[in-house]
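Participant: Protein chains in written order, with this note's numbering: chain A, 1 to 85; chain B, 1 to 377.
Take these hints with a grain of salt, some might be off.
[To be verified] The calculated SDA-like cross-link candidates involving lysine to any residue, where the alpha carbons are at most 25 Å apart (straight line), are: (1) A/61 <-> B/4; (2) B/333 <-> B/289; (3) A/61 <-> B/253; (4) B/334 <-> A/3; (5) B/267 <-> A/40; (6) A/61 <-> B/131; (7) B/267 <-> A/14; (8) B/267 <-> A/10; (9) A/61 <-> B/73; (10) B/298 <-> B/73; (11) B/163 <-> A/3; (12) A/61 <-> B/333; (13) A/61 <-> B/343; (14) B/334 <-> B/93; (15) B/333 <-> B/343; (16) B/308 <-> B/184; (17) B/267 <-> A/74; (18) A/61 <-> B/5; (19) B/267 <-> A/15; (20) B/267 <-> A/78; (21) B/298 <-> B/281; (22) B/267 <-> A/11.
[As the list claims (entries may be wrong)] Here are some chain B residues pointing at chain A (derived, C-beta under 8 Å): (23) 6; (24) 82; (25) 122; (26) 143; (27) 220.
[Stated by the list, open to error] Which chain A residues stay away from chain B? Per the calculated CB distances, all over 10 Å, these: (28) 38; (29) 41; (30) 79; (31) 82.
In case anyone wonders, no lab produced these hints; they're calculated from the structure.
Yeah, the Cβ is synthetic: ideal placement off N, Cα and C, and Gly gets one too.
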Amino acid sequence: MCLAVPLRVIALLGEDWAEAEVGGVVSRVSIALIGEVNVGDYLIVHAGFAITRLDVEEAEKTLALFAEISAHLAEVQHALHPRLP
Amino acid sequence: MRYIHGFRDGAAAAALEQLIGSEVDSNREYHLMEFCGGHTHAIFRYGVEDLLPPNVRLVHGPGCPVCVLAMPRLDAAIELAIRRDITLVSYGDMVRVPASRRRSLLKARAQGADVRMVYSALEALEIAAAHREREIVFFAIGFETTTPATAHLILEAHRRGLKNLTVYCNHVVTPAAIQSILDAPGAGDANQVRIDGFIGPSHVSAVIGSAPYEAFSQNYHKPVVIAGFEPLDVMQAVFMLIRQINDGRACVENQFTRGVTRAGNIKAQAIVSEVLELRPNFEWRGLGRLARSAMRIKSAYAQYDAEKRFVMTETSVRENAACQCPSIIRGQKKPTDCTIFGTVCTPRSPIGSCMVSAEGVCAAYYKYRRTRNGLPA
Numbered sequence: 001m002c003l004a005v006p007l008r009v010i011a012l013l014g015e016d017w018a019e020a021e022v023g024g025v026v027s028r029v030s031i032a033l034i035g036e037v038n039v040g041d042y043l044i045v046h047a048g049f050a051i052t053r054l055d056v057e058e059a060e061k062t063l064a065l066f067a068e069i070s071a072h073l074a075e076v077q078h079a080l081h082p083r084l085p
Numbered sequence: 001m002r003y004i005h006g007f008r009d010g011a012a013a014a015a016l017e018q019l020i021g022s023e024v025d026s027n028r029e030y031h032l033m034e035f036c037g038g039h040t041h042a043i044f045r046y047g048v049e050d051l052l053p054p055n056v057r058l059v060h061g062p063g064c065p066v067c068v069l070a071m072p073r074l075d076a077a078i079e080l081a082i083r084r085d086i087t088l089v090s091y092g093d094m095v096r097v098p099a100s101r102r103r104s105l106l107k108a109r110a111q112g113a114d115v116r117m118v119y120s121a122l123e124a125l126e127i128a129a130a131h132r133e134r135e136i137v138f139f140a141i142g143f144e145t146t147t148p149a150t151a152h153l154i155l156e157a158h159r160r161g162l163k164n165l166t167v168y169c170n171h172v173v174t175p176a177a178i179q180s181i182l183d184a185p186g187a188g189d190a191n192q193v194r195i196d197g198f199i200g201p202s203h204v205s206a207v208i209g210s211a212p213y214e215a216f217s218q219n220y221h222k223p224v225v226i227a228g229f230e231p232l233d234v235m236q237a238v239f240m241l242i243r244q245i246n247d248g249r250a251c252v253e254n255q256f257t258r259g260v261t262r263a264g265n266i267k268a269q270a271i272v273s274e275v276l277e278l279r280p281n282f283e284w285r286g287l288g289r290l291a292r293s294a295m296r297i298k299s300a301y302a303q304y305d306a307e308k309r310f311v312m313t314e315t316s317v318r319e320n321a322a323c324q325c326p327s328i329i330r331g332q333k334k335p336t337d338c339t340i341f342g343t344v345c346t347p348r349s350p351i352g353s354c355m356v357s358a359e360g361v362c363a364a365y366y367k368y369r370r371t372r373n374g375l376p377a
């Protein structure tokens with residue numbers, strides 16, 4: 001029930017509305033709960049309402065952390081089981 | 001899609017699996033409750049449990065608003081829907097839910113009641129504006145994620161002078177439910193399933209912030225990690241909880257930094273408190289009557305309150321005696337401990353609340369685990 005999806009704003013429609021997109025699906029989103037947004041912002045959208053902004057910087061930090069962990073794991077595995085050339 | 005699929009990467013999941021494996025102490029058990037049905041669903045869908053060491057157990061909590069809605073409230077909504085002058089509007093999750101005597105909103109619609117499914121609460125405004133001769137009732141349910149939308153709907157109806165729109169408010173609050181699980185009789189009993197930490201909901205917390213959970217970490221010494229709904233989010237949160245438990249710490253940590261702050265969405269909170277207030281108590285299916293656990297419409301907006309405009313009666317209903325949902329949503333039992341699970345009680349004809357919604361624990365077990373448990377596919 002509480003599922004929400006990150007959408008990117010592609011147009012401002014005025015009066016608390018914006019048009020936003022994810023994976024080619026465009027929807028009309030109410031921004032009444034968060035106030036001013038700009039084209040290119042990411043919003044977390046639940047049941048037609050943006051409930052908050054997606055903080056892109058923080059999202060990238062988390063993704064970078066995951067990338068770092070998997071790179072480290074790959075390195076350790078390579079050291080344990082080196083493939084013959 | 002980067003901010004969806006990026007958090008489902010298999011290589012990173014394998015790395016997190018190793019990281020968790022190296023952090024756990026094999027001499028102790030970890031019982032972690034994911035409160036929210038969205039997490040339960042993600043855990044089953046992506047097989048997160050299979051990536052965890054055997055001594056890390058995920059306990060599935062009551063965070064599914066459809067599942068915890070008391071049956072008399074749903075019966076009252078059906079009574080409204082079958083009135084010829086009323087159009088009942090609700091979210092799709094709600095219409096299939098069985099009420100007493102095997103009725104549901106969907107069946108009421110098949111019998112001629114005007115029941116409409118909407119994606120957004122604001123669609124109720126358009127229906128009300130287009131059908132001024134009819135009474136439009138929005139059957140509002142949900143946790144704090146959904147509550148601001150209902151409050152905004154009432155403010156918009158007020159602004160546009162729509163006199164034929166009312167709201168049947170069934171919004172519930174998360175911290176009260178967590179509190180009831182911590183205070184449940186037997187919660188401290190060694191024979192009962194204990195809970196060592198909570199995976200907190202992300203989207204509820206986007207609205208209310210992470211601050212409301214601080215009381216649980218301080219007063220009950222339970223760590224809380226707020227986590228996103230993608231599988232890597234859940235795994236990182238499990239790792240953070242295990243680390244807190246190993247260190248003997250109990251604080252509120254935030255894994256979902258991309259959407260949650262300590263204060264939450266102040267504007268949404270202000271809209272909610274303009275229109276809604278806490279009820280002294282509210283009946284939860286499976287948990288009983290909980291103090292200050294749900295919202296009602298303030299008297300200043302009473303003209304938009306369906307419970308004030310219409311005569312609504314709640315008659316008490318007896319639940320099926322074999323149903324184990326009350327113990328299951330407290331984490332004391334598993335669906336497979338219930339004799340009617342998967343036989344009498346299935347998603348097609350659910351008996352208990354946990355089978356009702358796709359996010360319920362029994363429904364998730366049925367969908368993803370039944371072949372493993374030897375039930376007919």
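Participant: Which of the listed hints are not met by the structure?
Facilitator: When the structure is compared with the hints, numbers 6, 9, 11, 12, 13, 16, 17, 20, 24 and 27 turn out to be violated.
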